[in-house]
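All chains, please: the whole structure from these sequences, using the hints.
So the chains spell out like this:
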Amino acid sequence: MFLASANLYSFLPELCLALALIVQILAFFFRKNVTPKTFYTIAKFALFASSLTAFLFYNQDFGNSFTNNEYTTLFKLIMYLWAWACFYLSLKWFLSQDKISFRFYALALLILIAFSFALSVNNLWFLWALLETAFLLLVLLLKTNADEEGNLTAMTFFYSSLPFSLCAAWGIFYLSQLAGGADYSLVAAALKNSSMNFYLFMACSALLVNMLFKIGLAPFHFLMPKIVSSPCLPVSSFISFIPVFAYYAILIKMAVKVFAPVFVHFQEPLLIFAVLSMIIGVAGANSETNLRRIFAYVALFNLGIVFSELAFFDVRRLYGSFIYLISYMLALSGVYTLFYALKSKGDYLNNLKDISGISLAKPLIAAAMLLCLISMLGLPPMMGFLGLFSLLNGLAALREYWLVAVILAGKLFMAYAYLKVIKVVYFDAKSITLDRVDKGIYLCLFVNIILTTAAAFNPRFFLAILRNFLN
Amino acid sequence: MNPNLPYLLLIALIPLVGAAFVLCGTENTKKFIPNAWAVAILTIVTDLILILRAFYHIKTGYGNMQLSETYVWWEMPRIELTFAVDSFSLLLLLGVFLAVLVGMWFEKNYHDTCKPRIVFALFFLTSLSGFFMAADVFSFFIFFLIMLLPLFMLIGLSGDIKKQAAIFRFMLYNLFGAMLLFAAVIILYNHQNHSILLGDVSSVKLREKGEITLWLTIFVAFLSRIPIWPFHYWIASVNAALKNPLVFVVANLMPLTGIYGFIRFWPNTVPDTAAFCLYFLEIIGVISMFFIALIGVINKDINYKIFAFVTVYYIFFLLGIFLPTDQFILNLGFSLFAFLLIFAAIASLTAYVENALERENLKPLGIFSYMPRVSLCLAVFILAAVGLPLSAMFVNNFVVFAALLDYNIISALLALVALSLAAMSLLREFFLRKSPAPYPADTARCLDIAPPDLCFFLSAAAVLILSFFNPLWFLRG
Amino acid sequence: MFNQLVAALIPLGLLAFLFQKNRMQRTWAALLFVAFFSVVAFSIASFGFESNPKPFIWKWIVSPVINVNLVLKYSPDLDGVAAALFLAVGVALFYNSFCFFEKERLKVAGLAIFLLVMMIVLISAQNMMQLLVAACFIDVLAFYLINDMPAKQKFVFFNLLADMLLMTALALFWIKSSSLNFNALPLFAKNNPYASIVAAFLILAAMMKSGLFLFHDAFLNLKNLSFQRNMLLITSATPLAGAFILYKFMPLMVALKWTEPLIFFAALFTILWALVGTLIVNNMHVRILYFNMCVYGLLFACLAAQYKTFLTFLPAALMCSLVTTIILVLPVIAASNDAFLSHYGAFFNKMKFTACLSLIALCLEIPVWYHFVTLNLNLWIIIALALRLIVLAHILGCIYLGKKVADDKVWSLLRNPHLFYLIPLILLSAALLIFNTDAFSCYAAAFTGIICLVFISRPFRFLNPCLSNSFIQNAQPVMKFYYFLLVLPLTVMGRVLWILIDFLLIERTLLYALQRIVSLLVCCSQKIHAQLKIGGVAFVLCGIAVLLLSFFAKEW
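Chains A, B and C, in that order, give the protein sequences.
With the first letter of the first sequence counted as 1, position 297 gets the number 303 in our numbering; the numbers rise by one all the way through.
With the first letter of the second sequence counted as 1, position 186 gets the number 187 in our numbering; the numbers rise by one all the way through.
With the first letter of the third sequence counted as 1, position 342 gets the number 585 in our numbering; the numbers rise by one all the way through.
Errors might be hidden in some of the hints.
[Claimed, not checked] Examples of chain B residues toward chain C, derived with CB under 10 Å:
1) PHE291
2) LEU384
3) ALA404
Keep in mind that the hints were calculated from the coordinates and are not lab data.
Every residue gets a Cβ at the ideal spot worked out from N, C-alpha and C, and that includes glycine.
As structure tokens, this is what we get:
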């Protein structure tokens, strides 16, 4: 009894989220005068509780199939914190647009639960189920407050993912047959003892490709820009951050726990995908004028960089890719916060031309944009530089100088896109009048900038903690 | 001086503090611009005092880095920022601060985008100070990269660039150089697993091909800052179009960073395997000098002529660096110090005149008839610029030029021709403006600089002339 | 003596500059002249008799690389030169005090004093750096003395080039011989292959500074300046500096075989050109300049032929140059500043005293030159001197004798110039008389007779039609030569290079190619991502193909 109750602690974070979901449902159906703030408040407390419980019970397991450790706790905390910021900003959107937010918050909580579970499970079938559930929920989320085009995009996304999901299922089936079970340890042992053949390779590839499609790495990225740009801003911001962290963490966990013996076979393809992502990201970012699409391609480019180090899968070098991811995500979250601030006559601005000359009217917003873009570019003393350096240092240690050159060349080309945005914001004439920016958005921006710059000026404290967690 | 005080860090941070003060000011008030301007001037003057003070606390000489300060930025991977100075870097710092002070002087007259310009100029000063005080490869690179942003913002905000594409090319081109240096720094860092002091880079032993690639990368990175052919095009198209004097001065300080890079690595640090680059660099340098000087002659825009003059001199200093000895480095330093002050003064005064012409819709012919104070100041600086003995440049250029003649007489003579062409083209513009004016006296009203401005520029001229009388000051004894 | 003199003159010059007044300028200028005269006289009197005067040494540059001392050392050899300089500056200051068409008397006075200081620094130079610095400072001072813009421009261009050549020569000398002292010259000439290059640069620089043939345009452009400014510029500024610089380097020239003939021929061409110019040019100011150009030609010829007599030849040449200038300026002043010789004639009727004084002064030059003839002066130089005097006599004859062609108004106002204009000429003539009493001989007397005959007969009158020929008067053959040989090719080369390299190669080729590549990439990306279905399938297939290829590559 005592043992069973102790093991339940391992589910506490997820339980908190589930409880919040139930409260939200009850509030939606039974409470009069529900506002977006109601659902946000519930979600906020749930996230706080989840974060606390995840932190406190970071090493609680439930048998072999569900384990928590520093690694899973770290990513859960990251997801919860990012989700919190996302929920807070989304609240502003829902309030200003006067739209119902229940669906968004409910689905988001469900997705968080699914990802949270997926991080901790040690069984391929459970993982598949959870990831597909999360994916389905994402599709439903895409349809939140969507127009016809958005709905079409969501459905296209869903139907496009079906082959990948089915192939992944087949892959898991094959591996479980080979290993005599779908547990990570069994599959890992089986892979260690088996020699690589075509079917085994395809099975592993199916799993990998499914993950890559969901994370949006090239050449499986083709829907991602549209998925990020079509839905409403809260959905777009949620999709840009939470799934990326989740899939990144799960992929690394799978690579360490399951595919370590065979990962060397996927090194070259992953490198090619990474480089392709960078090229497509650069070309796309430079060709677009829609703000969210630009940053969708920027995301693709940066994912390519992250995967360029992941491809080698040197456990000691993971830290570099992780720091890079964190630094890039911090900067991107700053940019997305700014999207919430860029509003004119009640409409949120999407086009690059719309934000010309905002430095005159909103100097703080413009300065924040500048700082975020500097960080993305990798200029010191911002966090982005530390991330870039860490990653490139790792690649140089592996003697992959050509990759260092490719990344730096990519950064150079991507700089053109960033500079275009800076130029529009600072150097072009003012085109439209912006609405007053909510103080909460300024607060978020402030926190974001403080995190980016404080971490840069004194990274030891912050990054040491992260390193301990990763170790 | 308190030995526990982070002296060099203060020199780097004071402009940043000044920038923060200006940033916090409200632009809508009447007194904002004079106050912001006063803060900027005070900041620069404070730093100048600190730099002058630093001279008394170091032993003179090149390469002997003193007043060392180390700050650990990151532990894993270990990144330390190490600052140290020698006479040469202090001289450059002094010259740079004086140049920016001169460039900043007329800023109170330019009300458009004054605040961001002052902020970014001070930020640029911080990054440039950090660059000149960097004692290890990492700090060197970091500040090499940081300074690009304030420069980009300054050039973009000045609003004078007709073709925005020119700014992008300029910026990307500089970023290209920075990325190359980044790659080199990462290779060096990885090889040693920690940051390397600048003087110890030669101790890094790589395979021959690796060494050649590494050093070529570093050289191209530095060359990207200097308007050397074929890289001059991007820099020329931006620099020559800048009308604001502060921005012009700042933009034309960038080649100094490339030159400083060469100074720190050449000749002792560069291994013999990479020394073959010297011949190509020399040839390209001389061709560039000649080419740019010629274009300066045929181009009618005075900004381009000043840019050509500045570029030709920078390449001349670069040729001096390529000498196979560092015996003359301090002479180069003194010459650079005087040169920076001269070009900043010429740029400021010329920009003032050009703006006056544009404002009053006048032609440049004979304009100095109505601007006797400007004419007086410009005459002193232009005469010093063309090589007459009115500054430390005279003796020190003599020494460097003699060394060049000894090393390669043909390139030295070609350099002389280029310098003469650049000087003549500048003089020609000066005389055009000094010709008898074709319009009546009351057409041009109150164009001349005010007496306080005259005092300021005459003080700058006095510093220059004093430097002639004591061209190797503090080297005595 | 020099150090004390310089120490006294510098504050005097500063006073003149700093306390420039618009009112009572003549009074202040006169006072300044008196002060100058007093200072010079006092210095000579007090210190000129010291047998071993202590030099002033200032350790200017002390460094491991280069050490330079600035030395002001008096030497008895320089007596004549110093005296000539004091006289030249004194006369200029005197005229500056009262001549009515000068508006910046105090500034001119200040500049004159500083020029003298710099000339003292130059002539007492014990090392080349001091020489170079002094020469450059003289250029700067002369630049400010010239108040005509075109003249200033030409002056700066020529002298800047000359300074660059001088600096190059000295730099090459220093780096090859590790010395900046003049006593290292003979050794350098013997052992060093660069001696010829150094010599060539020095000769060119000296010729440019002194305004010798091919480089005389800057010299002649001084025609629009007032005569006292011209006097200063000619006798105490850059041209003199050029000649003196060459003198200092003669030990090097002497050791090389080709330099002396070159200098000599250049000097002779200069004298010839100058004499022809004096005969055909209508403008009196230009004639004065041509005569002085002739003097410098003579100086260079003396340097080439027998440079050891230069220090005695130079003062004589300067004095005679002064006399010539004054002689030729007096009719211009008398003719209410009408400077064209074609308007002169029969001035003797109204200016008897001036005419006689001028003729006497001219004749008093003959013993001066005869003295040098007796010292075995080169034959060509003697001929040149003689021709110069003959031409001068002819011109004087054209001015004072012949038919009256002046304007009625000019004629009515024509009279002897004020006594103040004549005093310097009288004093100079007296000095020539006193210092050359032992040089009178029958040959000198015979030549004096010839001069008088030339004065009366005016044998070159056949060239008078050239005075009204506008083509000859406005011709600038040398400048055109420079334009087509140097300026035009440089301009064309600049344009061609700019178009070829900057525009065609970089803008239209390199940049264009880069732009096209980037545009192509962007265009392809747009097209591919626009067609979701086809693009998506293609991408996925591409990904699968990569995976399969990598597997099979590993297998093989």
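Indices of hints not satisfied (ascending): Violated: none.
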